[in-house]
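Chemist: Protein sequences appear in the order of chains G and Y. So the first sequence is numbered by our numbering: it starts at 463 and just counts up by one. So the second sequence is numbered by our numbering: it starts at 5 and just counts up by one.
Errors might be hidden in some of the hints.
For each label pair, taking beta carbons as the anchor points, the in silico distance ranges come out as [stated by the list, open to error]:
hint, chain 1, residue 1, chain 2, residue 2, range
1, Y, A224, G, D686, 41 to 51 Å
2, G, A601, Y, E73, 33 to 43 Å
3, Y, A196, G, P784, 22 to 32 Å
4, G, D686, Y, E310, 29 to 39 Å
Derived from the structure by calculation, the hints contain no laboratory data. Even glycine gets a Cβ: it sits at the ideal position worked out from N, Cα and C.
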Amino acid sequence: MGRYLIRRALFMILVIMIVSFLTFLIFVKLPAGDPARRAVGRTTTPEQIENARKAFGLDKPLYIQYWRFLKGFVPWPGLWLNDQVYFSYGSFEPVREELSRRIPITAVLAIGAAVIWLLLGIPIGILSAIKRGSLADRAAMIFAIIGVSMPIFWLAQLLLYTFWFKLELLPASGIPIGYTGWAGALRAAAEGRFILPWVSLAYINAAFYARMVRGNLIETMNEDYIRTARSKGLSERRVIYKHGLRGALTPVVTMLGLDVGLLLGGAFITETVFGLPGIGQLAVQAISTNDFPTVMGVTILGAFIIAIANLVVDVAYAFLDPRVRYT
Amino acid sequence: MAEPLLEVKDLKVHFPTDDGLVKAVDGVTYSLQPGETLGIVGESGSGKSVSSLTVMGLITPKQANISGEVFFQGQDLLKLPKDEMRTIRGAKISMIFQDPMTSLHPFYKVGFQISEAILQHQDISKKEAMDQAVEMLARVNIPRPRERADQYPHEFSGGMRQRAMIAMALSLNPDVLIADEPTTALDVTVQAQILDLIDRLKSEFNAAVIIITHDLGVVAEHCDNIMVMYGGKAAEFGNTDDIYYKPLHPYTWGLLSSIPRLDEEKQERLNPIRGLPPSLILVPPGCSFHPRCPYRFDPCDKDVPELLPVDGHHAAACHLSLADKERIRDEEVLAHR
Numbered sequence: 463m464g465r466y467l468i469r470r471a472l473f474m475i476l477v478i479m480i481v482s483f484l485t486f487l488i489f490v491k492l493p494a495g496d497p498a499r500r501a502v503g504r505t506t507t508p509e510q511i512e513n514a515r516k517a518f519g520l521d522k523p524l525y526i527q528y529w530r531f532l533k534g535f536v537p538w539p540g541l542w543l544n545d546q547v548y549f550s551y552g553s554f555e556p557v558r559e560e561l562s563r564r565i566p567i568t569a570v571l572a573i574g575a576a577v578i579w580l581l582l583g584i585p586i587g588i589l590s591a592i593k594r595g596s597l598a599d600r601a602a603m604i605f606a607i608i609g610v611s612m613p614i615f616w617l618a619q620l621l622l623y624t625f626w627f628k629l630e631l632l633p634a635s636g637i638p639i640g641y642t643g644w645a646g647a648l649r650a651a652a653e654g655r656f657i658l659p660w661v662s663l664a665y666i667n668a669a670f671y672a673r674m675v676r677g678n679l680i681e682t683m684n685e686d687y688i689r690t691a692r693s694k695g696l697s698e699r700r701v702i703y704k705h706g707l708r709g710a711l712t713p714v715v716t717m718l719g720l721d722v723g724l725l726l727g728g729a730f731i732t733e734t735v736f737g738l739p740g741i742g743q744l745a746v747q748a749i750s751t752n753d754f755p756t757v758m759g760v761t762i763l764g765a766f767i768i769a770i771a772n773l774v775v776d777v778a779y780a781f782l783d784p785r786v787r788y789t
Numbered sequence: 005m006a007e008p009l010l011e012v013k014d015l016k017v018h019f020p021t022d023d024g025l026v027k028a029v030d031g032v033t034y035s036l037q038p039g040e041t042l043g044i045v046g047e048s049g050s051g052k053s054v055s056s057l058t059v060m061g062l063i064t065p066k067q068a069n070i071s072g073e074v075f076f077q078g079q080d081l082l083k084l085p086k087d088e089m090r091t092i093r094g095a096k097i098s099m100i101f102q103d104p105m106t107s108l109h110p111f112y113k114v115g116f117q118i119s120e121a122i123l124q125h126q127d128i129s130k131k132e133a134m135d136q137a138v139e140m141l142a143r144v145n146i147p148r149p150r151e152r153a154d155q156y157p158h159e160f161s162g163g164m165r166q167r168a169m170i171a172m173a174l175s176l177n178p179d180v181l182i183a184d185e186p187t188t189a190l191d192v193t194v195q196a197q198i199l200d201l202i203d204r205l206k207s208e209f210n211a212a213v214i215i216i217t218h219d220l221g222v223v224a225e226h227c228d229n230i231m232v233m234y235g236g237k238a239a240e241f242g243n244t245d246d247i248y249y250k251p252l253h254p255y256t257w258g259l260l261s262s263i264p265r266l267d268e269e270k271q272e273r274l275n276p277i278r279g280l281p282p283s284l285i286l287v288p289p290g291c292s293f294h295p296r297c298p299y300r301f302d303p304c305d306k307d308v309p310e311l312l313p314v315d316g317h318h319a320a321a322c323h324l325s326l327a328d329k330e331r332i333r334d335e336e337v338l339a340h341r
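Pulled out of the complex, with its shape left as it was, chain G reads as follows:
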């Protein structure tokens, strides 16, 4: 186990380095024009551009520039997204602070949505698997097919139009000024400002999960060991919930870990439609304004979260399925 974790950690570092290097090339080096000029804005003197070039280290060779960014990936106080390199070209604020302001919002959005889609998707999947072919099953699968085919931005607008504009039941969301940090995000959630974003994000995933659970459970219920469970005289309820679900839900854990990891890196469409100042929104802003330290910061944060989610999933899997061993 220890050796496995060390190997996985080393692998994680490699992945993050590759991601960061590609991001560095794509967003810092590839765009046309002088990055120093892009950084300082329109009306500037050549002197100012030179100053910016020095301040951002853009006069140094490529590998030193990358090295400066790379040091910021070390999760250590003073190094982790350090202010000397990671500050916004737009606001000159440290990227770290910007991120920590936005993380609670994205986290509340992602985790809340995940809870909703699990609470919807798993029971619907189970129901339609055990009542296969019934009216309920058909209804559930129509729900699922709509969910997987509907673009999220469209659903989000539709929800906004209906529940905020027409019915005036729910706030349009957005986070009021003064709602800062975790307390602010939770307060906004308590006021219902996350309900529409949660539902938009959850529906598509609930549909996926319902289909996956249904498929897995139907497949599991055809296994020989289910026949054995029945031959013991167990009740059908116990056969389904103790023997069937155990096999059917294990892959769901894998999916969930990766999906939540992905969302924690920013749910940019939902955040944009509902005006939530989360990570995804920041990423889009940063890319469109050529604010490449912020782009680097967001990308690395995302890569980090996904790499950790992967690791957590793999370790959890070995606990859930005794046949899996760390090798």
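Since the structure of chain G is already known, use the hints to place chain Y on it.
Modeler: Below, chain Y without anything else, positioned relative to chain G:
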């Protein structure tokens, strides 16, 4: 003859499918005495497994049209409500399956899986059930049973898993044990061990056993009576000697001739039964074996032969006259063995 323990009368199991009605079992009758071992032999698709799964109540009226009667201790199992059937299934009639690799739940420990069966039918504590499970593992010759009970199925070998299945099936001291191809998935050496184990436990637990197999060689030593099934029906029924030394049905002849022999001097080609098992949707008219039968004559493609007793309870379903059958058997079949 004593009151039979289990009596199956004219059992029919027909599965409605999109392609038509699959007549998996089409009128099967047999009885099982206490302490008897009955072999049910036939090819894939002859209905041997489906008939016993139906006896276990594992094929439900939802899946198939079931008719006939299955009497066990004076009750017709086919008419029992689900909940009452569950008190019999696993406790009084239990079953082991073909593939021990997939028949145990991969996520639960072996001891738990056995004790779960015990707890379902007995009002005892979890710990007592686990002790019983460990004792059962010991009785099926699993070394260090206490440790083994705490392991997962993937840590067991194939033979050990089948032993664990047997331990589970016998843990409630059932009256009938149905073994559905218990050795098909195992090595030859392990096969013999498992069959010997079933034999031994049968007398220890005083149970009657039904062994389902496609291999006449397997059942020879272990069965009292044998039913040969073909196309969802019984082709021949008799005691082991009848079936091996005085077989009366051309299908049984084919099965016996197709067993490869080690004592043959020169290498001979295997002697298969020509053709394929019949479609269970479009069952051939008359005797379902007639398209493959080298001895077919006039009535075979028109009339369905009945399973008629020849002597004692030896019976065969074939239109040939007894004299013809005995002549063909002695001259053409047994002469080659």
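Chemist: Given the range 41 to 51 Å, decide if the beta-carbon distance of Y/A224 to G/D686 lies inside it.
Modeler: With Cβ atoms ~27 Å apart, the hint is violated.
Chemist: Within 33 to 43 Å: is that where the Cβ-Cβ distance between G/A601 and Y/E73 falls?
Modeler: 40 Å, holds
Chemist: Please check whether G/D686 and Y/E310 have a Cβ separation lying inside 29 to 39 Å.
Modeler: 36 Å, holds
Chemist: Take a look at whether the Cβ-Cβ distance between Y/A196 and G/P784 falls inside 22 to 32 Å.
Modeler: 31 Å, holds
Comparing the model with each earlier hint shows a violation of hint 1 alone; every other hint is respected.
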